[in-house]
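Student: Modelling step: build the complete structure from the supplied sequences, incorporating the hints.
Protein chains: 2
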Amino acid sequence: MRTVTKDTITDVFLGYIGQDTDPRFKQVMTSLVTHLHDFAREVDLTHDEWRQALQFFMWTGNITTEERNEFVLLSDVMGLSSLVDMINSHPGGTSSSVLGPFHISDAPALAIGGDMKGDVEGDLVLWQGVVKDATGTPIKGATVDIWQTAPNGMYSSQDPDQDKFSFHAILTTGADGRYAFTTVRPVSYTVPTDGPVGVILNAAGRHPWRPSHLHFIAKAAGYRELVTEVFPDDDPYLNEDTVFGVREDLVVTFVPQPAGSFPSGFDLSGKVSGPYARVDFDLVLVAV
Amino acid sequence: MRTVTKDTITDVFLGYIGQDTDPRFKQVMTSLVTHLHDFAREVDLTHDEWRQALQFFMWTGNITTEERNEFVLLSDVMGLSSLVDMINSHPGGTSSSVLGPFHISDAPALAIGGDMKGDVEGDLVLWQGVVKDATGTPIKGATVDIWQTAPNGMYSSQDPDQDKFSFHAILTTGADGRYAFTTVRPVSYTVPTDGPVGVILNAAGRHPWRPSHLHFIAKAAGYRELVTEVFPDDDPYLNEDTVFGVREDLVVTFVPQPAGSFPSGFDLSGKVSGPYARVDFDLVLVAV
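Here the protein sequences come in this chain order: A and B.
Each residue of the first sequence is one higher than the one before, starting from 3 at the first, in the numbering used here.
Each residue of the second sequence is one higher than the one before, starting from 3 at the first, in the numbering used here.
None of these hints come from the bench; they were simulated from the model.
One or more of the hints may lead you astray.
Put simply, identical chains are the same to the list, so a pair is met inside one copy or across any two.
Here are the simulated BS3-like cross-link-like pairs (lysine-lysine), alpha carbons at most 30 Å apart as the crow flies [claimed, not checked]:
id : residue 1 : residue 2
1  : Lys8      : Lys28
2  : Lys166    : Lys119
3  : Lys221    : Lys166
4  : Lys221    : Lys8
Tutor: Right under this line is the structure:
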C-alpha cells in the first residue's frame, strides 16, 4: 500500500473492506466511495474546496436541532430525498413524495367530514376522496394523516401563534374507504434560507420556493405506507419545486364551487353560504 | 418538471442551476450531484438506508467540537483527505500527507539542535535534514513546524498529563537550510473509535490503526507550503494506514547508533552516553 496514488487509492480502500462484511454494506460503501473518489478526481478538488466542504458540514451539524434538520433539507434540495422516493415507489399506487421536516406524530382524530379551518382566514376547501387498493376496492380502517401550512405560509411547529396541532389531523376510513374534510387552501412557501442550504441555493442561483401542497400519510393493514403530497395545478412554482416533490399524479384542480352549493355531511354543512373550492383525490395503496 | 422521474431528476437538478452561477461552483456541483444520484440509483438506496445516513451525519455533527472534528476523521478514513492531497501534490517536491486533527498553531520556537524529549521515557531519536528547493539548493529562513505523539500514543491535546506544547515545536533554518532536533520515537496509535467513524470501521471489518509518524509543516517565502508526515520503515501498520497517509518517499529508516557516538551541536550533546537512533530526512519545497 506504500505506493498508494490518486489512481490506486480507491482500490486500496476497497481492499481494506473485510471478507466478513455484510454484503449490502459492502455494496453500498463500494459504490459510495468509488463515486466520491471519482468526483474528487474529476473536478481536481482543491484543499480550499475540501476545507470549505468540511466547514459546510460542521455548520450543518451545528444548526441542526430536534426542530430543524438541515441535513434532511440538504438532501431535499439536492434531489436525493425525491430520488430515494422514486427509486422505492411502487407501481400501481399513488406516487410518494417527500415527508419534509414538519410532520408531527399523534395528531388528533378528525371525523369524516370534519373541519380543520376553524376561524382561520383563508379560502375554504372541501377535500374528499377514497382510499383504495390497486384494483379500485375501497379500504376500510385506513388512516389518513394530513398536515399543511396555515394561510400565513407556516406550519404549526414554525409558528408560535398556532396551536400545536393546527392544520394537523388523522382521519380513519369506514367501509366505503372515504375520507373527507374541510380546510383552507395551502400556500407556497420557502424552505429556510438562513443556514447552509440557503448558501448553496444562493450560490447556485436557485430560489427557495415550494409550490403549495397538502401532506398525507396513508396507512392500512396489509398495504405499504404511502407518504405523499398533493399540489394545486395553478401554483406558480409547480414546475420548479426546490425539493423536486411534484409528480404528475399528485397534481389536482381546486374546482371553484358556486355560493349556496355546500353539501351536507360536513361539520360546516349549513354554515357555509359563499363560494368554496372542491378537490377530489383518491389515495391508491399497494399491497405488501 | 412535473414529469420528474428517477431517470430525469439529475437533469432537472442541473437545469435549476442559474446562468450566472460561478463556473467552478457549477462544475463542482454538477459532478457532485451527478455522482450522488448515480450512487443512489446504482445501489437502489432504500428509505431506511437514507434515514440511517442522515442519522449518521447528525451524530457526526453532534460529536464534533473544537477539539474533535469527526467530519475530518470521516474524510480521512474514506480516503478523501489523502486523495485531495495527492490530487494537489506538486511533482518535484516532498509528497504531502494528511494534516490530521492534532496540529496546534503557534508552537514555541526550538533552536537548531534543540530537544523535545525532555524527561519523557522513550527511545531517543536524533532527527536532521535540510530544507531545500527542487534543485537541491538549501532554503534559508524556512520554518519547520513539528508535532508527534508522546510514547503513550497521545498528542498533547488528547492527554491532560502533557503540557499544551509537549512534542510540538517550530524550527527556523539558517543559511545551510538545516533543521535538527532530538525527540522520542513516535508510536502507532488508533483513530478515535467511540463515534460514527468507529461504527463505519467496525462495519467494514477495518482496524483503526495508523503507523507511527512525525508531522511536519514546512514553509518558506516563495515556496508552496508542505504539510506532510514521515513514517519509520519498520512500523507494522505501514502498509495498512487507516487514513491512507503513507507515500513511498515519506518512509525513513531509524538507523541505530552505538553508545558513545552522540555528536556535538545538540542540546543533549555530552549528556547522552547510550545508543540512540538517527534519521536523515530532507524536505524539498516547490516554488510558487
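Student: Taking the earlier hints as the rules, which of them does this structure contradict?
Tutor: none
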